[in-house]
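S.K.: Below, each chain spelled out in residue letters.
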Amino acid sequence: MKRVALPLLGAALLVIGACAPDAQKAASAPGFDPKDFSGTWDRYPLAAQPGGEPVVLPSIPVAARVPDPPLKPEHVEAWKAERKKFADATAAGAPIATGYTHCQPDGMPAMMMGMFPMEVLQTKRQTTIIQEAYNQVRRIYLDDTLPAVEDAEPGFWGHSVGKWEGNDFVVETVGIKDYVKYNNTPHSDQMRIHERMRMIDADHFENEVTIEDPVYLTGPWQWKWIYQRRPNYKMYEYVCEDNREFADPVTGEARMRIGEKK
Amino acid sequence: MKLRPLFATLCLALSAGLAFAHHSFAMFDSDHQILLSGKVTQFTWQNPHVYIHLEAKDAKGKTSVWTIECANPGILNRTGWKFNMIKKDDRITAVVAPLRTGESGALLKQVKIADGRIFGNGGPAGPPSISIEDGKPLAGAKK
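Protein chains in written order, with the working numbering: chain A, 29 to 290; chain B, 3 to 145.
Next up, chain B with everything else stripped away, as it sits in the complex:
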């Protein structure tokens, strides 16, 4: 095997055929992203998706356990995640796009883990449109 020049490539290309790996993200409302802050009750690192279960209050002060869908382990590894960087009982903050059905499920856009580091959810999931620090709209954010 010859040595090849190393490309600085971390994520999947965006095109129609590569927009999602397992299913369409249209079930999530990326136009109305919310900030969730709370305690991890379960973290599963499996295919076809990694899931964070987060006990958090919503804007109305109601506490629920949110099922937060992340990309798959392959995409997340290529984005810089590590399989054990989130653990049960960690306190984390997440920007998410909630399910349109109103259920306490969501697609992750960005997460701030217990040690303060911030990670995206890979290219196909799309970027956050609100700040993970204060929930305010980000200037020029793409949805």
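Looking at chain A on its own, in the form it has when it is part of the complex:
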């Protein structure tokens, strides 16, 4: 894997270097507003057809895979064991039930991975992001201050405050429930999620995510997600009204209930 990864990384860097002027050109195109994130978006790159290969633009390299969290040594073994337990169960055809099994939404930061299309609505004092899956809504308040950790009531999406730094929309989030995890990663009430959203061109934006947690992490955990515009899309509702999945009370496996809906 490493033998393949290094040449690929080199090639990716070459592509980035060669295409940077194109990206700058696109970003300065007439009518382009670098502060306008409004609209509907998918995670980039998207397949042209179901099951097909994702379409990667030469000017926008695919973001690197989300790295493993920089957990403190005392938490690494438990995290690895948890990941292995899930991977082994899935490989054995008996996947372990998760929050999804019970129709629980992603919460933050997983909501921003863009499992389904998402919509961004911008007003002067608030940016609202709606994720189609599970009708998730997060509200980012501008001109506001974050609550202190001890005052931040835990939730799935927490409390978010945003501000502009040039053309970057910088968001900070606190107050995520301890069982709302991304990549099985534990976190404390001290966790802070920093996001830096930036328009790449009129139809793409990137979100640099940085997680800090002095209790569990040795340093910042960083990655980037990129989104592409889905023009003229109208978001579908998602009410989890007919959930046939359940956790087996003995094994904890995700199971499917057989039979017609009554």
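Keep in mind the hints are simulated off the structure, nothing from the lab. One should not assume that every hint holds.
Stated by the list, open to error - In silico SDA-like pairs for lysine to any residue, Cα to Cα no more than 25 Å straight-line:
no., chain 1, residue 1, chain 2, residue 2
1, B, 138, A, 80
2, A, 152, A, 178
3, A, 290, B, 62
4, A, 262, B, 88
5, A, 290, B, 138
6, A, 262, B, 86
7, A, 289, B, 27
8, A, 289, B, 114
9, A, 290, B, 67
10, B, 62, A, 287
11, B, 138, B, 63
Claimed, not checked - Covered by chain A, per the in silico footprint, the following chain B stretches (three or more residues, Cβ under 8 Å):
no., region
12, 28 to 38
13, 45 to 52
14, 73 to 81
15, 120 to 127
16, 131 to 140
Predicted, not measured: the structure shown is a model, and the values here were computed from it. Idealized CB from N, CA, C, for every residue including glycine.
Given the coordinates of chain A, work out where chain B should sit on it, guided by the hints.
M.R.: For chain B alone, kept in the frame of chain A given last:
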């Protein structure tokens, strides 16, 4: 709102984080797909999954009502389905991956509806490995 160039995008990207929307599909045996042909007894267009209930004979000639799990309405709409394209009493054919438990439940891979049109089940559910016409293995099919 400015007009934007229209992308020919119909489905979700495939990556680890997007492989499934509601739960893992590992409970279904995609390596041993089967063909089911019969009459729809119920069709529900709801989240987190659309379901087809199909009265059909299996390979041993036993008739059962199969609970066939499809993607969710959002994915299916983006794949070209319509909420009312399958109705009770329709005769349809489906390629499915059965539950590993042996119960009469399955994940849809492909469906041929009453008017003859054929639809997939969105990218995350994966493609069929057998023909919807005769159940024979498809050359070069990915599981």
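S.K.: All hints are to be evaluated individually against the structure, with a verdict given for each.
M.R.: Here is what the structure says about each hint:
1. Simply put, residue 138 of chain B and residue 80 of chain A have alpha-carbon atoms about 23 Å apart, close enough for the 25 Å limit, and the pair holds.
2. This hinted pair does not check out: residue 152 of chain A and residue 178 of chain A have alpha carbons roughly 29 Å apart, beyond 25 Å.
3. Restraint check for residue 290 of chain A and residue 62 of chain B: the C-alpha separation of about 29 Å exceeds 25 Å, so the hint is violated.
4. Only pairs whose Cα atoms come within 25 Å are accepted, and residue 262 of chain A paired with residue 88 of chain B is accepted, the gap being roughly 23 Å.
5. For the proposed pair residue 290 of chain A and residue 138 of chain B, the alpha carbon gap of about 35 Å is over 25 Å, so the pair is violated.
6. Annotation: proposed proximity of residue 262 of chain A to residue 86 of chain B holds, straight-line Cα distance about 19 Å (limit 25 Å).
7. Distance restraint check for residue 289 of chain A and residue 27 of chain B: the Cα-Cα separation of roughly 21 Å lies within the 25 Å cut-off, and the hinted pair is therefore satisfied.
8. A threshold of 25 Å between alpha carbons decides the hint, and for residue 289 of chain A with residue 114 of chain B the separation of about 23 Å falls inside it, so the pair holds.
9. Using a Cα cut-off of 25 Å, the hinted pair residue 290 of chain A and residue 67 of chain B holds, with the two alpha carbons roughly 14 Å apart.
10. Straight-line distance between C-alpha atoms of residue 62 of chain B and residue 287 of chain A comes to about 21 Å, which keeps the hinted pair within the 25 Å bound.
11. Restraint check: the Cα-Cα separation between residue 138 of chain B and residue 63 of chain B comes to about 18 Å, which is no more than 25 Å; the hinted pair holds.
12. Counting residues of the region 28 to 38 of chain B whose CB lies closer than 8 Å to any CB of chain A gives 3, which reaches the minimum of 3, so the coverage claim holds.
13. Counting residues of the region 45 to 52 of chain B whose CB falls under 8 Å from any CB of chain A gives 5; the rule of at least 3 is met.
14. As drawn, the region 73 to 81 of chain B meets chain A at 6 residues by the rule of a beta-carbon pair under 8 Å; at three or more, the given contact holds.
15. Under the rule that three or more residues need a Cβ within less than 8 Å of chain A, the assignment of the region 120 to 127 of chain B holds, with 3 such residues.
16. Counting residues of the region 131 to 140 of chain B whose C-beta sits closer than 8 Å to any C-beta of chain A gives 0, which falls short of three, so the coverage hint is violated.
Consistency note: the structure conflicts with the earlier hints numbered 2, 3, 5, 16.
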